[in-house]
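Student: Sequence:
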Amino acid sequence: MRGYFLSVEGGDGSGKSTQIKKIIAYLQEKGLEVVFTREPGGTDIGEKIRELILNPSHQEMTAKTEMLLYAASRAQHVEEKILPALAAGKVVLSDRFTDSSMAYQAYGRNLGDMVRVVNEIATNRLKPDLTIFLEISPKDGMARKQNQKAHTLDRMEQEQMAFHERVAMGYDAICQQEPKRICRIDATQTMDAVFAQIQTALDALLVSNAV
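Everything in the sequence shown is counted per the working numbering, starting at -14 for the first residue and increasing by one.
Please keep in mind that the hints were generated in silico from the structure rather than gathered at the bench.
Treat the hints with care, since some could be wrong.
Derived BS3-like pairs (lysine-lysine); straight-line CA-CA distance at most 25 Å [as the list claims (entries may be wrong)]:
no. : residue 1 : residue 2
1   : LYS112    : LYS7
2   : LYS7      : LYS75
3   : LYS15     : LYS75
4   : LYS75     : LYS112
Given the sequences, and given the hints that come with them, work out the whole structure.
Tutor: Rendered as structure tokens:
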């Protein structure tokens, strides 16, 4: 039986890391085997690409180079890690997937539809069964990031507020296009309130596929 493919999305500072830990624990309590991964990264090759993309010293990186590096990491990720885990009946939980590229590169970098085309090639049109989108305003999200102790802002986080606002617009458009796949949650609520909505979405997915 094919497993489930889940992704968690959100702007910088949306609280993904906290909720991902809760999701993993919840699914494991249900007896499901969870493979957690992240983008960019998830494989040895992908992690090396991640270092290139997010390194603050690489300010000269062009928008198209950035897009293609993300896609290269994702292509390796899908074939090496995601598809084999799904074929083995496991739950794959990814911190970011193609929605991030659409939000950050198609909208944030103003690259438009070429991002979709490139990522369809990289993933062979694979999409998550369920995406949790944690929504927070760019202003509030970046304030959270800047207040995190011992956290150095990466190259993407260091972008101007106008960039993060375009990213937010991108996520809004994606959510409107695919409301059945994407569970949109106000990330400014308490951690428990946010997870209660995530749990409802997870339960609905598991029940619908058990019938």
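Student: Take the hints in turn and mark each one as holding or not.
Tutor: Outcome of the hint check:
1. LYS112 / LYS7: Since the Cα atoms of LYS112 and LYS7 sit roughly 22 Å apart, the hinted pair holds (cutoff 25 Å).
2. LYS7 / LYS75: 17 Å, holds
3. LYS15 / LYS75: Roughly 13 Å between the alpha carbons, so the hint for LYS15 and LYS75 holds.
4. LYS75 / LYS112: Holds: LYS75 and LYS112 sit about 16 Å apart, inside 25 Å.
Figure legend: structure checked against the earlier numbered hints; every hint is met.
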